[in-house]
Amino acid sequence: MCDSCDCGGHGEKVTFRKPGEVHGIPEQRSRTVRVEVDVLAKNEEISARNRAYFESNDILALNLVSSPGSGKTTILERTIRDMRGRTPMAVIEGDQQTLRDAERIGATGVEVVQVNTGAGCHLDGSMVHRAMHRLTLAPDSILFIENVGNLVCPAMFDLGEAAKVVIISVTEGEDKPQKYPQMFAAASLCLINKIDLLPHLDFDVGACREFAGQVNPKLEFIEISATTGEGMEGWYAWLNGRVGR
Amino acid sequence: MHEMFLAMSIVEQTRAAAAAEGADRVLEVEIEVGSLAGVMLESLEFCLEAAARSTPVADTDFRLLPVMASGRCSSCRNSFEVDSFFAPCPACGKVDLAITGGRELKIRSLTIED
Numbered sequence: 001m002c003d004s005c006d007c008g009g010h011g012e013k014v015t016f017r018k019p020g021e022v023h024g025i026p027e028q029r030s031r032t033v034r035v036e037v038d039v040l041a042k043n044e045e046i047s048a049r050n051r052a053y054f055e056s057n058d059i060l061a062l063n064l065v066s067s068p069g070s071g072k073t074t075i076l077e078r079t080i081r082d083m084r085g086r087t088p089m090a091v092i093e094g095d096q097q098t099l100r101d102a103e104r105i106g107a108t109g110v111e112v113v114q115v116n117t118g119a120g121c122h123l124d125g126s127m128v129h130r131a132m133h134r135l136t137l138a139p140d141s142i143l144f145i146e147n148v149g150n151l152v153c154p155a156m157f158d159l160g161e162a163a164k165v166v167i168i169s170v171t172e173g174e175d176k177p178q179k180y181p182q183m184f185a186a187a188s189l190c191l192i193n194k195i196d197l198l199p200h201l202d203f204d205v206g207a208c209r210e211f212a213g214q215v216n217p218k219l220e221f222i223e224i225s226a227t228t229g230e231g232m233e234g235w236y237a238w239l240n241g242r243v244g245r
Numbered sequence: 001m002h003e004m005f006l007a008m009s010i011v012e013q014t015r016a017a018a019a020a021e022g023a024d025r026v027l028e029v030e031i032e033v034g035s036l037a038g039v040m041l042e043s044l045e046f047c048l049e050a051a052a053r054s055t056p057v058a059d060t061d062f063r064l065l066p067v068m069a070s071g072r073c074s075s076c077r078n079s080f081e082v083d084s085f086f087a088p089c090p091a092c093g094k095v096d097l098a099i100t101g102g103r104e105l106k107i108r109s110l111t112i113e114d
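Residue numbers (the numbering used here), protein chains in the order written: chain A, 1 to 245; chain B, 1 to 114.
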């Protein structure tokens, strides 16, 4: 280690010196540079641009995340049918394969783009960016982004949304918030879906809320059934309180 | 599952940073991985090897440095190390935790040869 100058010998174990030479010459001319770059920086940059676009055009972008089969698409179908005429809406559908969800949403009459991620387990900022350019997004509208059904990976990838909405259905375990804490920690709202099935199940809604509240004390909850419509007014009120702000 | 995506980003960013420094070779890359970053170390290591193969950084030593997460109790303001999102506060016992560190995933440094 050289204390005298910047000869590059700092931290080098092996040095070579001739009698009379002051500084050690390292065996290899290597140096260490600090970079401090976030691995997700590129995604964050694209998502920040998405967010700026949404905010300057008063578009409420929501990232809907859940396990497969929690009822995301059914919730959207019902929401769109009930709120259409009052609020302009558009949808980006994320799935590994097929146009099925986009066809279901398209049947409600709103504009929809399906993103098929292939092997990918999540949507990223760039996919949303490219998808939103294929939609006509009106001011004071809602853009629902239905992420790939997966409670793990989508938690890491910002899309530029105003909020993440995590959906859990009562046919799942009430301990999911503790098993998949990343997602519940990142969400603003938790929709507890399929509550019409509660009489037939052991699902403990109180315990689910408590588990989720421990992971994220600020998380809000709305209990709904997208099939019967129970509780959906609370969800619409939540949306109306945010759209066009 | 997303570790392959992250590994490919790390390889790409390493090559860009090395090019910016005018480096001939990258000997080592240090990557900080927070314990709550949502990354499996073993999986990321495996994916890095695959992502770097047949690239100029195929021989680079990608070193993953685990960073322990920390949090602050929102009730009593006590700060402490945590290993989950819902650890009870060791001082007051409440589960009201704000994560203050340990979610990072970043390239800290490159050791290069000019």
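Quick caveat, the hints were computed from the structure, so don't treat them as lab data. The structure presented is a predicted model; accordingly, all values stated were derived computationally and were not measured. Quick reminder that beta carbons are idealized off the backbone N, C-alpha and C, glycines included. Hints are not guaranteed to be accurate.
[As the list claims (entries may be wrong)] Derived DSS-like pairs (lysine-lysine); straight-line CA-CA distance at most 30 Å:
no., chain 1, residue 1, chain 2, residue 2
1, A, Lys18, A, Lys218
2, B, Lys94, A, Lys218
3, A, Lys179, B, Lys94
4, B, Lys106, A, Lys42
5, A, Lys218, A, Lys179
6, B, Lys106, A, Lys218
7, A, Lys42, A, Lys218
8, A, Lys179, B, Lys106
[To be verified] Facing chain A, according to a computed beta carbon distance under 7 Å, are these residues of chain B, among others:
no., residue
9, Asp24
10, Met68
11, Asp114
Here is what the structure says about each hint:
This hinted pair does not check out: Lys18 of chain A and Lys218 of chain A have alpha carbons roughly 66 Å apart, beyond 30 Å. Restraint check for Lys94 of chain B and Lys218 of chain A: satisfied, since their Cα atoms lie roughly 15 Å apart, inside the 30 Å limit. In summary, the hint linking Lys179 of chain A to Lys94 of chain B is supported, as the alpha carbons are separated by about 20 Å, within the 30 Å threshold. At roughly 12 Å between alpha-carbon atoms, Lys106 of chain B and Lys42 of chain A fall within 30 Å of each other, so this suggested pair holds.
About 18 Å separates the Cα atoms of Lys218 of chain A and Lys179 of chain A, which keeps this hinted pair within 30 Å; it holds. Restraint check for Lys106 of chain B and Lys218 of chain A: satisfied, since their Cα atoms lie roughly 27 Å apart, inside the 30 Å limit. For the proposed pair Lys42 of chain A and Lys218 of chain A, the alpha carbon gap of about 28 Å is at most 30 Å, so the pair holds. Note on Lys179 of chain A and Lys106 of chain B: the hinted pairing holds, with a Cα-Cα distance of about 25 Å set against a maximum of 30 Å.
The interface hint given for Asp24 of chain B is violated, since its Cβ lies 10 Å from the closest Cβ of chain A, which is over the 7 Å cut-off. Violation of the interface hint for Met68 of chain B is found here, the shortest Cβ-Cβ separation to chain A being roughly 16 Å, above the 7 Å cut-off. Restraint check, Asp114 of chain B versus chain A: the minimum CB separation of about 6 Å is within 7 Å; hint holds.
In summary, the structure is inconsistent with hints 1, 9, 10 from the numbered list given earlier, while agreeing with the others.
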